[in-house]
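Student: Throw the hints in and build the complete structure from the sequences for me.
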Amino acid sequence: MTAIHDMGGVPGYGPVRPEQNEPVFHSEWEGRVFGLATTVRGGLSRRRLEALDPDTYLSGYYQRWLAALENGLTERGVLTREDIDAKADHFRHNPGASPTRVVDPALAGRVREGMYRQRREHKTPPGPPAFAVGDCVRARFIRHEGHTRLPRYVQGKRGTVTAVYAAYDLQDDVPPGEDVPVQQLYSVRFEGGELWGESAEPGAALYIDMWEGYLEPDNDQVQRSAP
Amino acid sequence: MSEDHHHDAGSYHAVRAKALESLLVEKGLVTTDAIDEIVRTYEQDIGPLNGAKVVARAWVDPDYKQRLLENGSDAIAELGFGGVEGAEIVVLENTPAVHNVVVCTLCSCYPWPVLGLPPAWYKDAAYRSRVVKEPRAVLREFGLEVDESKEVRVWDSNSDLRYMVLPERPPGTGNLSEDQLAALVTRDSMIGVGVPTSSTKARNP
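From first to last, the protein sequence lines stand for chains A and B.
61 is the number of the first residue of the first sequence in this note's numbering; add one for each residue after it.
1041 is the number of the first residue of the second sequence in this note's numbering; add one for each residue after it.
Stretch by stretch, here's where chain B covers chain A in the computed footprint (C-beta under 8 Å, at least three residues):
no., region
1, 69-75
2, 153-162
3, 169-178
4, 208-222
Quick list of in silico lysine to any residue cross-link-like pairs, SDA-like style, CA-CA up to 25 Å:
no., chain 1, residue 1, chain 2, residue 2
5, B, Lys-1067, A, Asp-143
6, B, Lys-1067, A, Asn-154
7, B, Lys-1093, A, Pro-83
8, B, Lys-1067, A, Met-175
9, B, Lys-1067, A, Thr-160
10, B, Lys-1163, A, Val-70
11, B, Lys-1163, A, Leu-112
None of these hints come from the bench; they were simulated from the model.
For every residue, glycine included, the Cβ atom is placed at its ideal position computed from N, Cα and C.
Tutor: In structure tokens, the structure reads:
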């Protein structure tokens, strides 16, 4: 797996280009891909997005959704690449043709309701939180082979716990057969200078959510403050 | 390394998308009108006007503001908003001393029920890579100069929590109604790359 998606602090991507009066979808196909990807179970996932080659990943947002959705559906055996290629040829040669149409108003209504449904993921914490607000912590170095929510730019850096949130499933990949651990989630503040050294802007700080397993006590700090 | 979002109907992507939809419909895994409904919902119903109403309520009702800052999603649900990508929204208050700005460096996490789907720049490499390191420079590219006396706090949404900024109420708006105030609240001001407009005539992103 590449780390193309782990973009925090990576140089070379140039200026931000905001678009005035931007539409929600720039082309009709973007909306269709959004609808398909959010409806078909097991098609699109963050893991499949992150597994794309860098060129495909950087080709655009719905471009990479489409690629990851295709990969997911073919890897799971829902569709074959040959089926998709053949159908795509059909639409290429018949630009006015529309996809096969089947409607089910009752199902569409349920899909619509689903978009307004809340689903909270609080879990029973495995024990009391290891850290409290104000604690000095260090983000661990974890060279992860699979999916993780611990970006490279905070790894090894020292910060301060600013909030103790609820407990959640860890979102990182775990070895096959292992249960997904439930961990306490924190908000941790990192000073600009700690993350970026002399190139940090003055008066800027970074806040990020940290599962407990991402953190260790900042022992240097403990030693400094010991009598 | 710019990302091109513009493709016509005969493009590679348009053709592949049609092929996928057609095959999935034929297999009975999706229906046409369910996809129509999703597209319509995010084009017409769920967008930054929701967040603007939340902000305006917080500006006129101190008790509501307190509930909003203590439990964002519950207070947002009081106004009827909630759903996918918004089960737990944390609201960050801008003050004379602090300016907050939100990013997702790992993907594009965004509080859909209050802001709708994110703009392209929020999902692109330039914003995601740079705003954590040089927020003031990036905000300047949006035309926002944050005073040196203010601390800039960048929030990287890497967990299932979603972040939304409560911007400062513009000065001189004491006589405006809640609806008029909501019209001042821009999408960008709730991400933290802008501030509310001071005139009800112009609505920026």
